[in-house]
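Can you build the whole structure from these sequences, using the hints too?
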Amino acid sequence: MTKQMMARLTLVLCCLLPVVSFAAGTNFFIQGLSHPLMVPAHLIVTFSLGLLLGQQGWKHMGIVLPFFILVIGASLVMTRHYNPSWNSEAILLPLAAITGVLVILKLQLHWIITVVLAAAAAVVIGLDSAVPMIPGLQARKIYASLAGSGLTVFGLLLVISVIAWSLRNLLQGIVLRVLGAWATAGAVLVLTLLLANTTAA
Numbered sequence: 426m427t428k429q430m431m432a433r434l435t436l437v438l439c440c441l442l443p444v445v446s447f448a449a450g451t452n453f454f455i456q457g458l459s460h461p462l463m464v465p466a467h468l469i470v471t472f473s474l475g476l477l478l479g480q481q482g483w484k485h486m487g488i489v490l491p492f493f494i495l496v497i498g499a500s501l502v503m504t505r506h507y508n509p510s511w512n513s514e515a516i517l518l519p520l521a522a523i524t525g526v527l528v529i530l531k532l533q534l535h536w537i538i539t540v541v542l543a544a545a546a547a548v549v550i551g552l553d554s555a556v557p558m559i560p561g562l563q564a565r566k567i568y569a570s571l572a573g574s575g576l577t578v579f580g581l582l583l584v585i586s587v588i589a590w591s592l593r594n595l596l597q598g599i600v601l602r603v604l605g606a607w608a609t610a611g612a613v614l615v616l617t618l619l620l621a622n623t624t625a626a
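Note that the numbering used here has the sequence shown beginning at 426, numbered continuously upward.
Each hint should be verified, as a subset may be incorrect.
Simulated restraints on C-beta separations [as the list claims (entries may be wrong)]:
1. K484 - A564: 33 to 41 Å
2. L596 - A499: 35 to 43 Å
3. L595 - N512: 34 to 42 Å
4. V502 - I559: 13 to 21 Å
5. M558 - L596: 44 to 52 Å
6. I455 - M558: 18 to 26 Å
7. K531 - V613: 16 to 24 Å
Hints in this document: simulated from the structure, not taken from any laboratory. A virtual CB, placed ideally from N, CA and C, is assigned to each residue, including glycine.
Here's what the structure looks like:
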């Protein structure tokens, strides 16, 4: 299962190489790389999802990770044609909290559940990473920024998943459950601040 998963990930990354080569060296690509790191909701839900995938094991990682990058890639491209009216933080933060609770409970989930959670996160993160429409902005620069955002999110998810997998049996899984509790608390805290600011406004 490990070899199969790594082969799938290698294939996906190889498919992305032309995009990276096309975008490399541009400020827009660098800006895209840094975008997810500046959005707390993106970071928290990616962290929670990575913990859950690592806790569930290689089977879930091998299915969900390639699926995640395909969905987020499609969602990033959709930002050129669709501008959602929803509040992405109001979706991602509860999703992160729910995912963190699943990590705390340490349930053996069916892979369909993790696929659904990953798909929801990928769609919302992708559509929330739109590049501001500036008159005269070249399409290649827009796609460079989108490619950077997608690679950062996927890279974080991959690294966190692998680290979580290596920790899944440490102290009978207590370490991951504590991290899941932190992720849940962080998501609830940020959501509370968001709601407080909305109410005050």
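Do the hints match the structure? See the list:
1. Our hint of 33 to 41 Å for K484 and A564 holds, since their Cβ atoms are close to 39 Å apart.
2. A hinted range of 35 to 43 Å holds for the C-beta pair L596 and A499, which are about 39 Å apart.
3. Taken as a hint, the range 34 to 42 Å holds for the pair L595 and N512, whose Cβ atoms sit roughly 37 Å apart.
4. Checked against the hint of 13 to 21 Å, the C-beta distance between V502 and I559 comes to roughly 18 Å, which is consistent with it.
5. Evaluation of the 44 to 52 Å hint for M558 and L596 yields a pass: the beta carbon distance comes to about 50 Å.
6. Our hint of 18 to 26 Å for I455 and M558 holds, since their Cβ atoms are close to 20 Å apart.
7. About 20 Å separates the C-beta atoms of K531 and V613, a value consistent with the hinted range of 16 to 24 Å.
In the structure shown, no violation is registered for any of the earlier numbered hints.
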